[in-house]
Amino acid sequence: MRQFKTRDVIRKTKPALIALWFSLLFLPLKGVKSSLLLFVLLSILLFFFKFFLRHGTSLQERICVLRERIGKKRIPVSIPLIARYLAIVGLLCLPFFAENYLLDVVILAGIYAILALGLNVVVGFTGLLNLGYVAFYAIGAYAYALLNVKCGLGFWQALPICIGLTTLSGFILAVPALRLKGDYLAIVTLGFGEIVRLILNNWDSLTNGPNGISGISAPSIFGSSLEALNRYYYLVFLSLVLTYSVVKRVRFSKIGRAWIAIREDEICASTMGINTTRYKLYAFAFGSLWAGIAGPLFAAKMRFVSPESFTFMESVLILCMVILGGQGSLTGVVLGAFVLVILPEVLRGVQSYRMLVLSIGLIAMMIFRPQGLLGGIGRERMREVGEKQ
Amino acid sequence: MYLLEVRGLTKHFGGIKAIEDASFKIKEGSIVSIIGPNGAGKTTLFNCLTGITRMTRGVAYFSGRTISGLPPYDIVRLGIARTFQNIRLFREMTVLDNILVSQHLKIKAGFIDAVMRGRGFLSEERTAREKALEYLDFVGLREQAPVPSLSLSYGDQRRLEIARALATDPALLLLDEPTAGMNPQETSETMKIILRLQKMGKTIVLIEHDMKVVMGISETVIVFDHGVKIAEGSPEVIKNEPMVIKAYLGR
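Heads up: the protein sequence lines correspond to chains A and B, in order.
Here the first sequence is numbered in the working numbering, starting from 1 and rising by one per residue.
Here the second sequence is numbered in the working numbering, starting from 1001 and rising by one per residue.
Keep in mind that a hint or two might mislead.
What follows is a set of in silico ranges between Cβ atoms, one per label pair, in the way DEER data are often shown [what the hints assert, rightly or not]:
1. H1226(B) with T13(A): 42 to 50 Å
2. G191(A) with K1212(B): 54 to 62 Å
3. I172(A) with L1133(B): 40 to 48 Å
4. D265(A) with G1029(B): 27 to 35 Å
5. H1209(B) with I88(A): 34 to 42 Å
6. L91(A) with M1200(B): 36 to 44 Å
7. M355(A) with K1131(B): 50 to 58 Å
8. K1212(B) with D265(A): 24 to 32 Å
9. E266(A) with Y1061(B): 22 to 30 Å
Bear in mind the hints are in silico, worked out from the structure with no lab data behind them.
Keep in mind the model is a prediction, meaning the values are calculated, not measured.
In this text, a Cβ means the ideal position worked out from N, Cα and C, and glycines have one as well.
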């Protein structure tokens, strides 16, 4: 009986405990004052987060009932929708007041978000562990770099070719990989990532080896260059929106349902009429397609590519974004990408401790919310109820 | 006349003879029970018929076409659906989505349609949704449509499995222990569902241990023991068959 009570107390004070833990971590780094501030902010934030998670569904249902009563189909009153619009408006206005440093970071975060959305198709939807996703990113980036520098193609002419190439390489990796499961699949994809990097590193005559390719031109539209950060920002923003909406639409169709079914129970999925091999192939190809957009965006922004940008650690980083955000959740994955790109920048103040803080944060996350920031069934369910309208 | 005909079906797992030379025919529109002690090869038989495992020897004809060697998704297309002994739902999907998945073959939309969200796509999705709700109605789970399937009670999970199999629009339903773990009331409800399925024109083969169910609804009973078919006949005949009493029913 007594034990039960303590557990209850812990459950109720969990947000405060997490906040306390984080602020204690900050104590030696930032002093008492800022730790205290962090504690207050975090506990409020976590409390609302928890409250929303618990009551979000019933709130949403109530709103749906309200909508039915009024008899109109679409009234934008739902809370997540408002939050989403606010976020979009905020992001659209960002270049008007942000300095270049911040824009730079957000652009990078956007590119990573596209990658994370792509990897999410393979890992989050279909449940196939892919540790070599960076290979597709590298293929996309190098394809644009070479087409631009050696063939003189512009960004928009090269883009379809890059997308085609990464999709094709997704197919090529999938064919041998689909005979494998779980850990073995992970190892094969890891090997694929390394092979691509080593080829780029050693094929001197084509890729210029470890020196990389420089002098890549920035994209332009109607003759005006998008080189300036605030213009490039919008290009990345639009690409991210495109990626998000296309992936979302495919997710909520027969194809997306088939992927999730394969993740949940492959044998059962096949007895429901899903050609599992073919759909896993689709997942690989469709997932790597987005690297064909993110790669050229990265190459055109940096004006330079080298194999150094496409190491195994990049794959891990993108995988972390997917897992942190919540496997299978689209908004979550974008959020995960932004958190993992922006947080290290924010933590620059604590210098050498930042990787420590970040990794401890990740560990804590996995303990307290193993399903990721926005993952889990609750979200799926909410979405389902919302969609019925 | 005969919907399913199995001839000389044999399945060996290495040295283990799970099924040995089984032959039987199943009449269209009938309810057939397969009984036998644990390890008699009943579930293996289902696995062979649905293409999950490949049979070592023998052939199976389904409405005149051979199905041996086909992959599971092609067998479903021909019209055989099944449920599983150890419930295999798509646990993290909602109840409704579980049914939507099994309508996979009926939805024609591809990638482009899914992205464009044209009128065709939307109406197809709407039809699938409405159909799914009908199937849920059939087993009495309509209210649970937006709930994740793992949060259903045990009996409801079994019924969802039946609805999901039904949503593939099969002519033949293979039910693997549909009443296992159910209380008497749930069992009798499930029996009613099975009888209603028969009225809809479905042919049903079930593996069952509950003799009340077996004797109550089946027209033919097939008995397996150690991978061998030892008897086949109407429930009355089977009840008094000495071999069956010795191997399975007991006194």
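Against the structure, the hints come out as follows:
1. Distance hint check for H1226(B) and T13(A): the Cβ-Cβ separation is about 60 Å, which falls outside the suggested range of 42 to 50 Å.
2. Checking the proposed 54 to 62 Å range against G191(A) and K1212(B) shows it holds: the Cβ atoms sit about 57 Å from each other.
3. For the hinted restraint 40 to 48 Å between I172(A) and L1133(B), the CB-CB distance of approximately 42 Å keeps it satisfied.
4. Under the hint 27 to 35 Å, the C-beta atoms of D265(A) and G1029(B), about 31 Å apart, fit the expected range.
5. The supplied range of 34 to 42 Å is broken by H1209(B) and I88(A), whose beta-carbon atoms lie about 58 Å from each other.
6. Checked against the given bound of 36 to 44 Å, the beta carbons of L91(A) and M1200(B), roughly 53 Å apart, lie outside it.
7. For the pair M355(A) and K1131(B), the beta carbons lie near 53 Å from each other, so the given range of 50 to 58 Å is met.
8. Between K1212(B) and D265(A) the CB atoms are about 31 Å apart, so this pair conforms to the stated range of 24 to 32 Å.
9. Roughly 28 Å separates the CB atoms of E266(A) and Y1061(B), a value that falls within the hinted 22 to 30 Å.
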